[in-house]
Structure formats: C-alpha cells, structure tokens
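Chains A and B supply the protein sequences, listed in that same order.
Here my numbering is used: the first residue of the first sequence is 1, the next is one more, and so on.
Here my numbering is used: the first residue of the second sequence is 1, the next is one more, and so on.
The hints are simulated quantities; they were obtained by calculation from the structure and are not laboratory data.
Keep in mind that a hint or two might mislead.
[As the list claims (entries may be wrong)] EDC-like, lysine to aspartate or glutamate: derived pairs with alpha carbons at most 16 Å apart:
no., chain 1, residue 1, chain 2, residue 2
1, A, K168, A, E204
2, B, K123, B, E80
3, B, K27, B, E80
4, B, K110, A, D350
5, B, K110, A, D323
6, B, K2, B, E111
7, B, K117, B, E145
8, B, K2, B, D52
9, A, K396, A, E320
10, A, K81, A, D264
11, A, K82, A, E62
12, B, K87, A, E58
13, B, K110, A, E204
14, B, K117, A, E372
15, B, K2, B, D125
16, A, K308, A, D221
17, B, K27, B, E145
18, A, K158, A, D264
19, B, K81, B, E64
20, A, K168, A, D95
21, B, K110, A, E372
22, B, K110, A, E346
23, A, K242, A, E83
24, B, K88, A, E58
25, A, K50, B, E89
26, A, K73, A, E62
27, A, K396, A, D347
28, A, K191, A, D221
29, A, K63, A, E27
30, A, K17, B, E111
31, B, K2, B, E51
32, B, K88, A, D54
33, B, K112, A, E27
34, A, K158, A, E346
35, A, K17, A, E62
36, A, K306, A, D23
37, A, K73, A, D323
38, B, K87, A, D95
39, B, K112, A, D264
40, A, K17, B, D109
In case you want the letters, here they are:
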Amino acid sequence: MRHVIIGGSIAGISAAKAIRQSDPSAEVTVLSGEKARPYYRPMIPFLIRKGDIDITFEGDLEKRYGFAVAYEKAAGIDVAKKEVRLESGRNISYDRLLIATGSRPVVPAIPGIRGEAVFTLRTAQDARSIGKSAEKARSAVVLGGGLVGIKTAIALRKAGLGVTIVEKLDCILPGKFDRRGSEIISNIVEKEGIRVLTGISISEVVRAKGELRGVRLSSGDTLDAGMLIVAAGTLPDLDIVKGTGIRTRTGVLIDENLRTSVPDIYAAGDVVEYTDLVFGRSAVSALWTNAEEMGRLAGRNMAGGKAKYEGFLSVLNSSEIFDIPVMAIGLVEPDPLSREYESLVEDNVDSYKKLVFKGSVLVGAVFINDVENAGIYTNLIRSRMQMGGLKEEAIKGSLRYINFIRTVPEQTMSA
Amino acid sequence: MKQIFVRPELCMGCRSCEIGCEVQHSKDKTLFSAVLQSPSPSPRLFVEAAEDIKMPVICRHCEEAPCLNGCISGCLYRDEKGFVRRKKERCIGCWSCMMLCPFGVITRDKEKRIAVKCDRCHKLDLPACVSACPTGALQLVDLDEVPKEIRSRAVLSGTSAYRS
Chain A
1 MRHVIIGGSI AGISAAKAIR QSDPSAEVTV LSGEKARPYY RPMIPFLIRK GDIDITFEGD
61 LEKRYGFAVA YEKAAGIDVA KKEVRLESGR NISYDRLLIA TGSRPVVPAI PGIRGEAVFT
121 LRTAQDARSI GKSAEKARSA VVLGGGLVGI KTAIALRKAG LGVTIVEKLD CILPGKFDRR
181 GSEIISNIVE KEGIRVLTGI SISEVVRAKG ELRGVRLSSG DTLDAGMLIV AAGTLPDLDI
241 VKGTGIRTRT GVLIDENLRT SVPDIYAAGD VVEYTDLVFG RSAVSALWTN AEEMGRLAGR
301 NMAGGKAKYE GFLSVLNSSE IFDIPVMAIG LVEPDPLSRE YESLVEDNVD SYKKLVFKGS
361 VLVGAVFIND VENAGIYTNL IRSRMQMGGL KEEAIKGSLR YINFIRTVPE QTMSA
Chain B
1 MKQIFVRPEL CMGCRSCEIG CEVQHSKDKT LFSAVLQSPS PSPRLFVEAA EDIKMPVICR
61 HCEEAPCLNG CISGCLYRDE KGFVRRKKER CIGCWSCMML CPFGVITRDK EKRIAVKCDR
121 CHKLDLPACV SACPTGALQL VDLDEVPKEI RSRAVLSGTS AYRS
C-alpha cells in the first residue's frame, strides 16, 4: 500500500508514524513544502530571540519510523489517476492520500501593508526573519491580539523593543479566553511594558520611500514602528484541493473516520473543519494537540483501521505569559443571554478560575496562575460526562482523580 | 512488562510512597538531605482521599499518553522501556501536559519553571514508591499474574469512570 501525505508538520508526521505502526510494510512519503526538517511549530516564537535553538523532531525519522520526508511542494492532485503533481513537474501515485497542508496567516487588505518590514509568523524561517529585523528596529506594532500576536509581542518586548498590540475587537484573545481572563492577561502584558490597544484597527501602513515608518489607526492617531507583525489569525490552506471535488467550507470537511468526500483521500490538522465538542457546531482548530490527534487517527484509518473521531476542542490553550501560567479550555464565554449555561468564577488577587456548566456537564474552564489538576477538568469537558455530585467538588476546587473512583460492592464482583 | 499496580483497599493513606518518591528525586537521595533541601523536592505521585477510599494516584505511562502527544516542545518522549520521560532542557513551561493529563499527576516546578512527572525510577529495579509502601498497596507486578478478580475490581472501580 502506497501512502502519500501532503504536509510535513505535526498532522502529517503523526499520520506517517501511525501508518507505519499499523502496517510496517506500508510505503509512506511525506511531502513537505517547507524546506526544513519537521519541527515543533508552536516553538517558533522562541526563535525570534534565539534563532539557533533546536526545535526539530529529534532523531532520524526514516530510521526510527521508516518513512521518508521529501522536501517538495505538491502542486495539484489528479483524483482520477490517483496522482499528486509536484512543483518540480514529477508525479507520484498514491493508494491513500492525506491532506495535511495546515493553515496560513490572514493578511488584511490595508493600504501599504505589502512591502518590507511587514511579517507574519507561521514558519521557523518567519521567526528568524522577525528576529533579524528586530535587531535593528526600536519599536514594533503587532496587528492582532490572539495568542500568536501576544507571543510575538512578548518575544519582541524581551528583545528590548517598544511594542504595541492593536486588536480590532474590544478585548485581546477574542474567542480564546473569557472577558475577565482576557482583561487579566492584558494587565499582565501591559505591566511588562507592552501597550495594548483594543477596539482599534489599522487604516494605513505608513511608508516613506517604501521604508516602513509606522501605522495610522482608525482613531486617527499614528504609531511609529520599525516593523509590523501581522497576527490576524489563520485560515486553512485549501490551495491543493481546488478543483479536486473535495468538499470544503472554511476547511476540508471530513467524516468520522477522517475521510474527505473523495475516496481514498483523508484530511487532518489545521486544514480540517469538523465538530467542536462543546460549541455544538463545526469549527477549524489551528491547534497542535488537535492536529496531532487527527493525524494519528487518520493514519491508523489509512492503514485499514476504523478509528472514530468524535471531534476536538477548538479552545484548548495553555501558555505562560511573563511567568504566569494561563489556560482556557472549551466554551469559556457563553452567551450572556442564554439560560442554558452557568458560570462559576473565583477571582482572587493572584489567581483566577472559571468553570462553565451546561446542566451538570462541564463545558469550559479558565485557569490563571492556579493550574494544578487542570487536566482533570479538560478530560471532563472532552468526555462530556454528567458530573452529578462531583459538580460540588469541582466548584470547591477539590476535584481530584480519586473522586472518580468508587469502591465496588462485593456482590458485583462475582463475574 | 511489569507495571505498578495500585490496591486501594490496602492503602492506609500514610504517604510513605510520596516521601520515598521525594527522597529518590532529591539531590543526595537521603531522607535527611531531602528534608533540608530548599525548595523541597516534589513528589511525582499523590495520595488522595475521598469519602470511602484512599489511594496513591500515579502516572500510568499511558499507551496513548495525552501529555506526550500534546507536548509542543519535544520535551516528553517515550524511552526504550516504554516510560514517558522528560528531556528537561527542552521543557519551556507551557504546561500543555498539565492541561492534558487526566490523572492530574504532572506538576509545576515553580523555581525551575519546568513540568515535573514520574520517571518510573527507570534506573532502579523497584520504583521508590513501591519500595516505600509498607502495606502492599503499591506493587510492581506482571499484570498477567494478577488474579482476574483483583484486576476486574480495579477496572470497575477505577478508570472506567473516564469515557475518553
């Protein structure tokens, strides 16, 4: 069986591993358009300050798992002939194909945005370019207050630049944290010298003879800046599926076995649109953990398995913001008008915790500076378990693994 | 493969396992120095108690380990014996593993800012927690040799509460 995987990041690599584990005789080729050894993508903000740290997957993947990574970009798919056309002009045939092309940054159409000193952060190379530019710049503007924007802002601030985050919505981390959590994180980064502007957009990128000078804001003010980082979100990279008949919406649509609408073609990772376990609708995830899981299950199924994928949590973030651990899981900001949800909040001087329930099912959680046992809550959210009496323990903050264990009466032990 | 088997009915909640673990993971590996070490070494397992039960909650070194699968830095890896271990120098303190461990047995070293977890005392024949347990609530056993009714009791009372 010949497997071809388009995409050499975590979804593709975990699929390749899973295929080889299920079927050691399978032939697996991973096509990586990015001409770099597979690496831990979430680590790239660290490359801004230290371009030489090693973030690659360790060891020889071919020796360890028996699959090859070809550093070639796929240019098209011929679904009738079951062939992938490469940019080099070569064609390779497949029995099973995985689309794992990931996502790419959205760059809003703002006058002047095309040109030097404007960056996105998606690849290791992007991070190194930002790092190099930061050596000369004194100040930077980060467009977008999502996690990528904040991590970039932190790296640039630590490199000594004056940094301003410009977020067009009225809080940072929109959709990723609840309002109060977002406010707390905003306070943390502002205390460390990062300026945060919300409810404001950039109307123009100001240049003089092509050279970046700053940005003009929707408020009319201008900000001086030697560099601009665009971190306005990502969208699935759908170029390769155009014209193939593979069904898409925002992302590639898959069934519960991670198959696309075209036979023998699977999809996994950021490129996919699928069920969010608590939102009650489909979503794209753009998260490493989810991409790893999708890749692993897709790979298993490509090798003949029947793994069922229930869906992901498109909010599943853990990070450290200037030494403060912060986590958000599931549905963290329910519609305030909805009576279906109940939010329990503990807002202390040095920590913050929020649990969101739908009846006796936990659907969301936020933890700031008090993250012990968070995984227990994540697992509850994922499994959508009816908590019954455990809800009280959860609210008290004393929920532990032991609470799930009940001693079994002797008479049930006869089997 | 031999595994650590927990028998809650034998646990009296004495926390000897936690102490054994702390000593093993202290600088000089003696009780005396472990007590004096500052910050004090942290255990990798935790004796927990609910209404009618006490037991040490330990890392399972899961076959599909959420901590390992979700590690974004390449710190966690599976060693040749099948144990999920850390390459400490690669931990960046993102706490993804803590967010994902369904047993709550990964903790934060607040000084070094890295994740702390069980290494199954990979250099020892008998893990320190098992050696320290005075009642047999923690045993290192070949699971195939454990009588069926004892295993099924463990399954019924334990992890089946989780559906994932």
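Any hints from earlier that this structure breaks? Give me their numbers in increasing order, please. 3, 6, 7, 8, 9, 11, 13, 16, 17, 18, 20, 22, 26, 28, 30, 31, 33, 34, 37, 38, 39 and 40
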